[in-house]
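Student: As they're listed, the protein sequences go chains R and F. Under the working numbering, the first sequence has 202 at position 202, and the numbering climbs by one with no breaks. Under the working numbering, the second sequence has 210 at position 210, and the numbering climbs by one with no breaks.
Treat the hints as calculated values from the structure; they're not laboratory data. One or more of the hints may lead you astray.
As the list claims (entries may be wrong) - Just the calculated beta-carbon pair ranges, DEER-fashion:
1. F:S77 - R:I184: 50 to 60 Å
2. R:A37 - F:G101: 21 to 31 Å
3. R:G68 - F:E222: 52 to 62 Å
4. F:A240 - R:I184: 37 to 47 Å
5. F:Y259 - R:V237: 28 to 38 Å
6. F:K91 - R:P239: 38 to 48 Å
Cβ atoms here follow ideal geometry from the backbone N, Cα and C, with glycine treated the same way.
Number of protein chains: 2
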Amino acid sequence: MNKVRRIERIIALTKILSDMPGRLFSLGHFSNLFGAAKSTLSEDMVTIKESLQQFGLGTLETVSGAAGGVRFIPSRSEESINELLNELADKLAEPERIIQGGFLYMTDILFNPSLMVQIGEIFRKKLGHLNPDYIMTVETKGIPLALMTARAFDLPLVIVRQGSKVTEGPAVSINYVSGSSKRIQTMSLPRRAIQSGAKVLIIDDFMKAGGTARGMIDLAGEVGVEVVGTGVLVATVEPAKKLVEEYSALLILHDVDQYTKKIDIRPAAMALQAN
Amino acid sequence: MNKVRRIERIIALTKILSDMPGRLFSLGHFSNLFGAAKSTLSEDMVTIKESLQQFGLGTLETVSGAAGGVRFIPSRSEESINELLNELADKLAEPERIIQGGFLYMTDILFNPSLMVQIGEIFRKKLGHLNPDYIMTVETKGIPLALMTARAFDLPLVIVRQGSKVTEGPAVSINYVSGSSKRIQTMSLPRRAIQSGAKVLIIDDFMKAGGTARGMIDLAGEVGVEVVGTGVLVATVEPAKKLVEEYSALLILHDVDQYTKKIDIRPAAMALQAN
């Protein structure tokens, strides 16, 4: 192919790498693609990394050795995370979100793709050290959030189903009691969705008593996989004692008052500082 | 701020624009961010656009006028689309995917984030001219695909629920007969999920008789929104007459033979050429 100008190559590299967060690309791959020497590409990577870091847009990580290469790691500054979570808390505190029964309407936020991309990257940053092999959630409202988290980790998503669906083959099921409905429900996982021995990170939109997360942890145990962590977008402050011992919440819901129409929801970090 | 080198600015611009496909950014916004003149930024955009196009990574679109700006449009070459769909067809033809009842196990593919990013971009390219305001799907397996399509369009996602969920407020429900199960089922849409008068594009993972898509179209009619198109990842060749008049399928499933373990699935374009 014709010689590619450095600036054109760097634009293409930036796009390809940031399009697949966490995916390892070998320098040989890019060397073929652009007809450039690996040493030249290494210099390109330094330039890209510096620029991404300078503007808080993430970073590149180099893995050395024969199976090595370079990958994009999404990363946001604490400042931009706090800003986003504060905006989100303000949005969720709009009085018209209160639904009969004291529920909070969150669907428009949960199904907003570009918002969920950002929340997924925040979970990647906060929980990346847990090194999961899969991201797991339960249908339905947490799926977009969990999918975008899986994207930020470059991992497959596993969706626990309510009831057992015929089109996914043999499944393992358990009964659990959801904290909000207090009813006995069934959740199931197709046998072939996950390999036993794997490590999973649970991601969900909302946690009250933690019954649903507890159910997922028990189900994971039944199929021989280990839950290494649980991340939720919103957790309620009460009950303080949840059915799961450890979890990370980005926002804490303190109160929904159906009569005064006041919603008290705050970023988790701020809530902790207030204690 | 310090003067930003051109190459650093271009890397950051590439990342910011391609991170939010379809999102319009004003030059003024970037001018503040980088301390660069709009004319300089315009030149940067030309360079970025040319490079993205050269490598088949999408393009930039400039919107002129006071409310104007620039946005990234994901776009793949026909060649790379065909390559991806052929790979996908090969993967889906693996004999171990056959489940009792003649179903095809597709969950691992449907819940693979980076694959769904690509399929979403293909739908954006093939159905972008329909100019929808929302992407609509029904729970559960089509959600990742629909979400990534919504991302490629920079549109909100609307998820039709099976049954009526208390936490989303008043909902409109209809009964429908799913082609695969032949059972009467209920689907519902929260009143506040979508504005009446809006145009929606339906995206789903699988279509056999089209009963589910038909249900969504009827439900859309009940809430006063117009369905401008239907896109599915896989459609079965039989029944040839579906309950929806027009739809776009990326792959056509010709046959699943439970006895010989042969699966015949082909990209839709190739299937059409063969007729």
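Student: Next, verify each hint and record whether it holds.
Tutor: Hint by hint, here is what the structure shows:
For the pair S77 of chain F and I184 of chain R, the beta carbons lie near 53 Å from each other, so the given range of 50 to 60 Å is met. Checked against the given bound of 21 to 31 Å, the beta carbons of A37 of chain R and G101 of chain F, roughly 55 Å apart, lie outside it. The hinted range of 52 to 62 Å is satisfied by G68 of chain R and E222 of chain F, whose Cβ atoms lie roughly 56 Å apart. The beta-carbon spacing between A240 of chain F and I184 of chain R, approximately 44 Å, falls within the hinted interval of 37 to 47 Å.
At roughly 58 Å, the beta carbons of Y259 of chain F and V237 of chain R sit outside the given window of 28 to 38 Å. Take K91 of chain F and P239 of chain R: their Cβ atoms lie about 45 Å apart, and the range 38 to 48 Å holds.
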